[in-house]
Structure formats: C-alpha cells, structure tokens
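Using the supplied hints, reconstruct the complex from the two chains, each of which is provided in its own coordinate frame.
From first to last, the protein sequence lines stand for chains H and Z. According to my numbering, the residues represented by the first sequence are 1 to 423, in order. According to my numbering, the residues represented by the second sequence are 424 to 529, in order.
Hints listed in this document are in silico derivations from the structure and should not be mistaken for laboratory results. Only true hints are included.
Only pairs whose alpha carbons sit at most 25 Å apart, straight line, appear in this in silico PhoX-like list of lysine-lysine: (1) Lys442/Z x Lys69/H; (2) Lys347/H x Lys65/H; (3) Lys69/H x Lys347/H; (4) Lys377/H x Lys419/H; (5) Lys347/H x Lys155/H; (6) Lys65/H x Lys442/Z.
None of these values were measured; they are calculated from a predicted model.
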Amino acid sequence: MATVCHRLEPYSSAIPVTQPRVVIVGAGHAGGTAAALLRQFGHEGPITLLGEEPLPPYQRPPLSKAWLKGEAGAEDLFLKGDGFYTQHGIDLRLSTRVEAIDRSGSAVVLEGGERLPYERLILAAGARPRRLPLPGAELEGVLELRNAADAERLKSALGPGRRLAVIGGGYIGLEVAASARALGAEVVVLEREHRLLPRVAGQDLSGFFCAYHGARGVDCRMGAAVAALERSGGAIAAVRLSNGSSIDCDLALVGVGAQPNLELAQAAGLDCADGVIVDIEARTSDPAIYAIGDVTWRPLPLYDRMFRLESVPNALEQARQAAASICGRPAPVPEVPWFWSDQYDLKLQIAGLSFDPDRIVIRGDVSSARFATFHLKDRRVLCVEAVNAPAEFMGGRLLIGRRAEVDPERLADSAVSMKEVAA
Amino acid sequence: MAKITYIEFDGTEHTADVKPGLSVMEGAIRNNIPGIDADCGGACACATCHVYVDGAWRAATGERSAMEDSMLDFAENVADNSRLSCQIRVTDALDGLVVRMPESQH
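In isolation and in its complexed conformation, chain Z is listed as follows (with noise of 0.2 Å):
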C-alpha cells in the first residue's frame, strides 16, 4: 500500500492507503476523497481529475504522456506540476505523495 495525501483546495487533507496498481485518481474515489470529478472514469479524455504535485514528488510520478499534455494545455490554471491524476499509476515508490487539488475541474 501506498499513503497518498490528497489536500482540497480549501486545505482538507485527506489520506489514504491506495493498492498499487491503482492510478491516483482511482485511489481518491475509492476512499470517497472530493475535488477530482475524473468525469470520463480515467479515459484520460476530460481533464476533470487535474491535480498539483508536491514539489519532491515529480521525478517519482513521471512526465506527462503526450495525450495528457495536450489535455491539460487547455484546461484551468494550470501550472508546471499539474498532472491529470488518471494517467499517474501508483506503486510502492509513491508510498507518502502529496497531491493538491484545483478550486474547480470545470
């Protein structure tokens, strides 16, 4: 398992132990964790599951897939670490990530 923080944009904090395996969108629906809408279910065909990831945490969760980059170049208030959290997969490695949520996925 891997504990994964999920921050609200009001500051809630959330964690959660999520199976590897799972993407990190995948981990805040199961554990009822609000501020991901992830509409399309993970298709990465939406841009409504948009996190930030902390500081520390992006060589570990990877680059964008070019589909994702795409995305998120049109979505909100987008920033450097924004990833869409359907395409990070979680493993053991990721055991501690800290992921911040938008004030809105649409």
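Bound-form chain H, shown alone (with noise of 0.2 Å):
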C-alpha cells in the first residue's frame, strides 16, 4: 500500500490530514518516552511501540543503584503506571524481535515474517554491553548489567562475602561497587587505564573517585589489563592480569561500554558511523525514519560536532525531538547533555562534555566531597562535574547552555555564589 506522508500543518490546512502510523523499535527509555509524548503532542494515528525484552517501558538507572540494593522494587522501575498504554491507544508488543526493515515497502518485518506497515519509524534501538574478547567470558559467574534480567542475576549473586571483579572503572562498574558494598560483598575494581572513569571524567574527579571508593573498602587497581578469566568447572574463579597476577573471585561484572545496536539500520542502508546518524530532529538519512537514545550518531549544536551519548537526558531529549517532528511543533530548543550518578553517599551531576579544555577550575572542597570542576575553553565552560554541589551544576548548565565567558577567578571563589556567577 503506497501512502502519502503528510507533515502535520496544524494551523494552515483546511484539508483533513491522515495521522501517519507510527512504529517504535525498541521499549526503552527513548521509545516509550516518544510513544508517551506522541499521544501528548496530539497524535492521533497509530502507535505501535515494540520491546525485545518482557517487561513495559523502565528506568534502568536505578539497577546499579537503588534497585541493586533492594531500596526500590520491579514496579518501582516502570516509566508509566499501569494501564497507560491500552488508555493511549498505544499497541505495546513486548517480547518481539524485529527482524529487519523494509524501506521500499515502508514495512517492519517481525520475527516469524509479520510485517507492520509505518508511515513514520522511530528506530530507539539503544545500544549493549561490550564483550571481553578473552577466553573465559562466557563463564558463569560474569556478568554484564544492562537490562532486568541482568540486574536479577547480578543482585541475587551478590550478598555478605561475596569477591566482586569488576572489570573497568566506568559509572556501571562504580555503581555496582558502592552498591555492592552496601550489600556486603568484598570488591575490587580493574580498570586498564591509569585511572578510573577515563572516558568519561576529569583527572581531578577520577582521582576523587578513586580515593572514595579505596575509603570505603574497595580495592581499586589501575592498568590492570585483563588476560584470562580463569576457571574451577564452568565457573568464574579468578581474574587473570597480563602481569601475570590474578584475583580470586566469586563472580565478575564486566562493564567496559556499550556499542549502539546497529545491525537493523546499517542493514537497511541508513547512514550510520559510531551510531545511526541523525539531524537535530532526530531524522535519518531516511526522511520517514527517525533514530533516537543510545543508538544515535547525534548533533551537538554547543559543541560543534556529531558525537554518541549514553544517557537518559539524552533519551528523553531526542524522543521530544523525534515526536515534535512528526506531530509537526517547532523543534525543541538544544539542550545542554547531562548526566548523574549516585555512589554512596555521593551525587554526582555532570553537564556539558569536556573536549579539549585549556582550564580546569575547581570549587569548593574536595576533602569535604562537595565540589565542583569546570572545565573551561576560551573562558567558555564545556562541563561541569558536580559532587554534591547542585548549585554548581544548575549554574554551569546555565553557562554553558549561553556559551557565556566567566572569569575562573570569580568561578573558582566560593565566596562569590554561583547565582551570582551565572547571572
């Protein structure tokens, strides 16, 4: 069936307009957010929103955290509350697999042949765990936490005792080690690089990291290059180093980054590099396709550049693109990435991304685990890294948001509030 996609002209058109039909590969944060905001947009076609995984539309961020500790249950975790899908018309198939993607025929093909025409297709296929090329990876006893089920076997192998590998330093492998110590359980984190969150956070926040997480009983080796995993029948037994030395464990949890789950796009020809690359409403290279979440190849207006996020803001912020664009709003305003993280007793709030910063500006006390560094370029902030200073973080979102120059002196005062700085 040939049909005519229509871009939603709300107030110029006297002429009835089809409401195009709506597929959304993947349930996750992004494809639930946008199936949500479709429907609040004024959407009145047909949405299907299709999940690999058994379970509706979930927060996975508390499954380091709250969830890991017990502190929060499964329903705790669902983004909507029940019933919100059958009363939105929003036809959720869950445990489905999509097979592939028929462009000329403007079609998802399901596992086991059934196809599901589209109009418009949100592909929010999100992204997975990296594999450790290394013998022993598919050992019981290592994990990876990505979804539910992940965080099911992690948490009821975890307990008072338990040796706890993780391998790499990163927010999931430092989340599971708070968590992991509440619960009791004997850590020790490998992280290949010198220090830890290499990818992703300042030295000065690195080492903090590393001091805090050493305080509470984790032991944190740095260039600990993983050779081996090591087995006693076909299970985990001990992390083997390429130093030669190795670590007897329980169980290990690999969290050495997430590649974009690409295979559906490249497949179906869209253009794709370090994700499906996408324009600043979220559109493919296909016009009647659009890509949102961690599977994206984004733009980043502030920075001047494509880049991948990993992040719920980022999630939340391209499915309000992606449905702003097929219910034919204005596209939203660019807004500044960010993320957060709790360890212990520690929130930490990042804004904006650190490329090629000339200064690094810190505020506040370090010691007392409240502060923040600023990340600066030309006097520009690029990022701020916030440790139990909000109003650190807000006022850096606000400077970087305005590309605003600042005076590091005046920044690096505590003295002087950040109220006043960002002003």
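Written out as structure tokens, the structure reads:
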C-alpha cells in the first residue's frame, strides 16, 4: 500500500490530514517516552511500540543503584502506571524481536515474518554491553548489566562475603561497586587505564572517586589489563591480569562500555557512523525514519560536532525531537547534555562535555566531598562535574547553554555564589 | 492511602490515591498524571518534578532539603511554595494534599 506521508500543519490546512501510522522499534526509556509524547502532543494515528524484553518501558539507572540494594521494587521502575498504554491506544508488543526494516515497502518485519506497515518509524534500538574478547568470558558468574534480567542475576549473586571483580572502572562498574559494598561484598575494581572513569571524567574527579571508593573498602587497581578469566568447573574462579597476577573471585561484572545496536539500520542502508546518523530533529538519512537514544550519532550544536551519548536525558531529548517533528511542532531548543550518578552518599551531576579544555577550575572543597570541577576553553564553560554541589551543576549548566565567558577567578571563589557567577 | 489532588497549569484536576511511602512525584507517575516529567526518576538530579504546594499544606509537607533548595534556586518560575515532588514523602497526614504544576518542567 503506497501512502503519502503528510507533515502535519496544524494551522494551515482545511483539508483533513491523515495522521501517520508510527512504529517504534525499541521499548526502552527513549521508545517508551516517544510513544507517550506523541499522544501528549496530540498525535491521533496508530502507534505500535515494539520491545524485545518482556517488561514495559522501565528506568535502567536504578538497576545499579537503589534497585540493586533492594531499596526499590520492580514496580518502582516502570515509566508509566498500570493501563497507560491501553488507555492511550498504544499497541505495546513485548518479547517481540524485529528482523528487518523494509524501507521500500515501508514496513517492519518481525521475527516469524509478520509485517507491520509504517508511515513514520522511530528506531530506538539502544546499545548493548561490549563483551570481553577473552577466554572465559562465557563462564558462569561472568555478568554484565544492561537490563532487568541482568540485574536479577547480579542481585542474586551478590551478598555478604561474596568476592566481586568489577572489570572496567566506568560508571556502571563504580555504581555496582558501591552497591555491592553496601550489600557486604568484597570488591576489586580493575581498570585498564591509569585512572577511573578514563573516558568520561576529568583527572581530578577520577582521583576523588578512587580515594572515596578506597576508603570504603574497594580495592581499585589501575593499569590492570585483563588477560583471561579462569575457571573452576564451568564457573569463574579468578581474573588473570596481563602482568601475570590473578584475583580470586566468585563473580565478575564486565562494564567496559556499550556499543550501539546498529544491525537493523545498517542492513536497511541508513547512514551510520558510531551510531545511526541523525539531525537535530532526530531524522535519519531516510525522512520517514527517526532514530533516538543510545543508538544515535547525533549533532551537539553547543560543541559543533557529532557524538554518541548514552544517557537518559539524551533519550528524553531525542524523544521530544522526534515526537515534535512527527506532530509538526517546532523543533525543541537544544539542551545541554547532562548525566548523573549516585555512589554511596555522593550525588554526581555532570553537565556538558569536556572536548579539549584549556583550563580546569575547582570550586569548593574536595576533601569534604562537596565540590565541582569546571572545564573551560577560551573562558567558556564546556563541562561541569559537581559532587554534592547542585548549585554548581545548575549554574554550570546555564553557563554552558549560554556559551557565556566567565572569570575563572570568580568561578573558583566559593564566597561568590553560583547564582552571581551565572547571572 | 492519601488522596492527592494534582492540578495542571491549565486547571485540569486529577485526584489519586497514593500509597504512603511513595513520593508525591511517584504518585503522579503511577497514576499517569501529566505535568510532572521527573526525568531523573526521583534522584533529585534534574528539577523536572517541580510543584507548588497549596497554602494550607506547606507545614505538613515540610521544608526543602539543602540539595532541593539549590536545585530549585536555578529552576524557572520558582515561588516560596515551590517543591520538588520527588522529595515529598507521602504519609497519611498528607491525605487531601493539593499541588499545582508549573507551565513547563523544561
């Protein structure tokens, strides 16, 4: 069936416009939010939301934090309450795998052969954990953390006295390390680079986290390249490092980054880099297809470059872009990218991205765990990393968005309030 | 259960029974009440669950925490009765609470 795709023009046309049939591939934070926003923005056409997991859209961040520690239940994670999808006429199909996108036929092909026609497609396929290309990676007790099923496995394997080796000192690894300590486990963090959070944090913040974890009984080892996972029967027994030493453990969590699920987009011939290439309205190289969330290679207008972001705020921003575009609304104002992490009693909030800073300004007191590091370039704030310092985060975010010049001396002076600095 | 009334910026009222122990934000999310975005899911990290607490309820809902206060300090359209609804814990004493939502959380 050939269908003309109408761009909705709410104020201009007296001719009734057929609202396009939208199919969303991926029912994570991005896909679930896009479905809800389409309805909120007045879209009346059919919406089908396809998820591979058996659960309706849920929040992933608590899986390494409150949920893992038993402070939140499964129902606390769902993005929407009971009945939401039915009430809003969203056809939510779970445990459903998409085999292909047939662009010439404007249809999504499901495993088993069913074809779902679309007029607008939103690809929200997400990312998956990178695997260790090492012997033993398939052993029992070698875990990763991306979804609720992974989190269930990890939770049931953790407990007092259990020995956990965290491979990779990134956010997932450090959050799990903190939660595992709260559950009484013994934790070693193995980071290949010479500092924690090497890809995502500045030197000062890395050093702070290393000391903070160390003081809470986590053995953080830098320059620790994993050579192999050693077995006892079918299960992991130790992690062997390239320097020959080995660390005995009952389980290992592999947190060495994620890769975008590009297979559907690539097979369909959509332009891809380290993600599906999209514009500022989340459109791919095919005007009928949008892509949102972790799977995208997206413009960062504030930084004049393309990048891939793995974060909830990014998923939400792009869901707003795609829903606005499909509903004929103006494109939302670009946001400052931001991230957060909770470890122990630390609230880390980061705004912006630190591309080639020429100066780092520290504000506050690192030793009392209330401080922020500002990454500047040409006196403009590129990024702020705030530890238990919400005013610095919020003020920094404003400064980044405005591309305003700041006086580094004033920024470093805690006697001048952030409100004044950001004024 | 505590009955909580959420009033959208356009005046649309929603009343929901919220289980004590949840936050006022969670009460809105679980009952599919629009107007509270809660982008961070309740981590007090984003200030997108901003509400205005109706006058009579200000004492019962308590004071802002220092963290919440700092977040609100930089939010839009903040008033004396502004709170982040993820930081208001529902108790039986809040039965009847009325909160109003700002025009936008972004």
